[in-house]
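*Asks:* First to last, the sequence lines map onto chains A and B.
Going by this note's numbering, the first sequence opens with residue 1, and the numbers climb by one from there.
Going by this note's numbering, the second sequence opens with residue 1001, and the numbers climb by one from there.
Calculated directly from the structure, the hints in this document are not laboratory data.
Treat the hints loosely; a few may be bogus.
[Unchecked claim] Derived lysine to aspartate or glutamate pairs resembling EDC-like cross-links, with alpha carbons at most 20 angstroms apart: (1) K1281/B with D1311/B; (2) K1281/B with D220/A; (3) K1066/B with E1043/B; (4) K295/A with D1411/B; (5) K1281/B with D1154/B; (6) K1281/B with D1411/B.
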Amino acid sequence: MTLIGTSTSAFYERARQDMTSLRGRAESLQEQLGRGERLRRSSDDPVAASRLRTLNRADRLSDIDETNANRADADLTLTDTALASFADFIIRARELAVQAGNDTMTAEQRASIGTELEQIHGNLVSLANARDSAGHALFGGETPGDAYTLDGGGNAVYIGTATSGELPLGDGQSVTRGLTGPEVLNFDDGGTPTNIMAFVKTLANALQGGVADPAAAARDALPGLSTAIDTVTTGQTLVGSRLAWIELTAERRVDLSELRATEEADIGGTDIASAIARLQETLVVLEASQASFSKLSGLSLFNQLR
Amino acid sequence: MASDLLSIARSGAQTARIALDVTAQNIANASSQGYVRRSVRLEEVSASGGVGRIGDVSLSGVRLDKVVRNADLFRQAEVRRTGADLARADAEVSGLQNIESAIEQTGVYPAIVNFEGALQQLASDPVDPSLRAAAIEDTRTLTRTLNIASSSLDAVGDGLRFDAADDVAQVNLLAGELGRVNLRLARAADASSDQTSLLDQRDSLLQQLSDHVDVHANINADHTAGVRIGGTAGPQLVNGGDAFPLAMQTAGDGTISFTLDGNPVTPLSGSLVGRGQALDKLADIRTGLDTIAADLITTVNTAQAGGVALDGSAGQPMLSGTGAADIALAFEDGALIATAPAGAGANSRDPANLSALRNALATSDPSGEMDALLFDISSAVQGRSVTREAIATIASTARIALQTQAGVDLDMEAVNLVRFQQAFQASGRVMQVASDLFDTLLGIR
């Protein structure tokens, strides 16, 4: 006779396997819910894990881009403030030149105006050597020290580098982090290249009696000062547009980081609703198999034989 | 020769007793490992009439013909084959999982990303001492994590080779034991209970062997088992009472191979093979990790050589070593990072050389390489796990199929218990009848 049936040990083995696998499934679902993450290790879903790694890397690097952008933003804002001060001083110098150009002024009055212009020259030089957020020369490009130094004659000489460095803002974008002194302080005075410090110093010297007709010299200086103001204002516009560019890239960075966060949640997050539903389903099946197991295992012929 | 009612009844009662004993033995061993259900085969004892006695009634009762072991050789072979496959898959998957943990949980990938991030941050102000210090620390973290990942891989390899060596020892032990069982089987009387328990032992040993290595057994007429490994045409591990020694050799890259009795042999399945496969993958992953470390060393040092340090001196190599195991930071002073191009003076803020380093890193792409390495091992783990599940199902089906046929069904045994008890009682009744008949004859007056 061929036995079609089940041996006792086979029955227990099958029941044990089924219930173990159900329990394992329930525990894995519970773990997903508890952690809020679907992946415990890369091998749970290698493609998703690799994508998550790339996203995390982008997040990390984007954080640093943000720090860098903030630094550039701070430097450019400092540049903007310094340029506004330049403009104020130049406007004051122009007012003084207008006053000095008046023929009713006495030579002494012009000399005292010249003294004030000398002060303004000093202020302009120290302003040109202003520091950025990291303590480097604001208008010196990438120089390690000062942007301007005074030569033997008291003239400001630019000793910085020719260009300002570029700072990466992420996604291949970058911004020039500042303006060099010559870019905003040099201008053409009727065909002669000069810079605002030298110009003011020449005017101060002239008013203090350096030339035969100080009033005419003051009047002649007016168009040059206007050009200087224009140059500084142009510099301010440049800084403003760079700040706007930084803001634009910042917005783009936020948008991208939101996209990444959404994708991370989609790929690696637990879908709570479906996980709970599946957990419930698994638990119901597990309870049912436990109940039927205890019924079946209690069903022995030996209990019936008396 | 005539029949003897009393001796017929005696033989009936005796065989019923034996059948009851066998049933009791079955019940007692219902959950014994490797026990195969026994059943009794009974045979009528009768003589055909001899010369001059044709037509005689000559009945002598019943005798125990054989204690049958309900083992199916095919199903047993299936259990061994699928069990060896499962042992191989289990060993491979657990080895691969350990490799995955070794390089994923040491955090090499985040360390590379942090290193890249530190360089990116340094670009914002290359002369800032704190940013330089941060870059140095992140580089140190990177070298240490690579060291740790490398030593974790070593530990995984050592563990796998230790387990494989244990497997080899087990195979030799079991093969020796099987040889001894073969010798005793050759001498055991047919159908004796001694033989059946030896057969149980033989099958159990074969099954245990199949956990470690693929077993191709052929059962001889005297019930002894010959075992070949590495396929049906492979060399013999056990032949009669002789067991040949299996040995393991470790290659320079940590992979293993085997010899049987001095000749190379390639087992096809079993945990030995699984561990060997995991070790092969380990060698691959180690090569990958070493390549990443070596590329990193070359890229960083080449860039350093092209620039000048903060004090204007020529850039020194920043990383020492040749691979993941010995990669180390060559200097601790952040000022020695060559961010400025050659020819720049001291304290230069020109980040051209730093940009060159970052471009070189973007080209050699260590984080991408690491991601690929992690993907390689994790997809291997996932793929093998799926295969393992399939093999586990097949193996468990084979095991249940064998148990269904060879295992003890307690309900069935309860029925047998009642049946043989009744048979015993009935034989007793026959003795009673014989006795009554005898009394009847004696009582004739």
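*Asks:* Please write out, lowest number first, the hints stated earlier that are contradicted by the structure.
*Replies:* Per hint list: 1, 2 and 6 violated.
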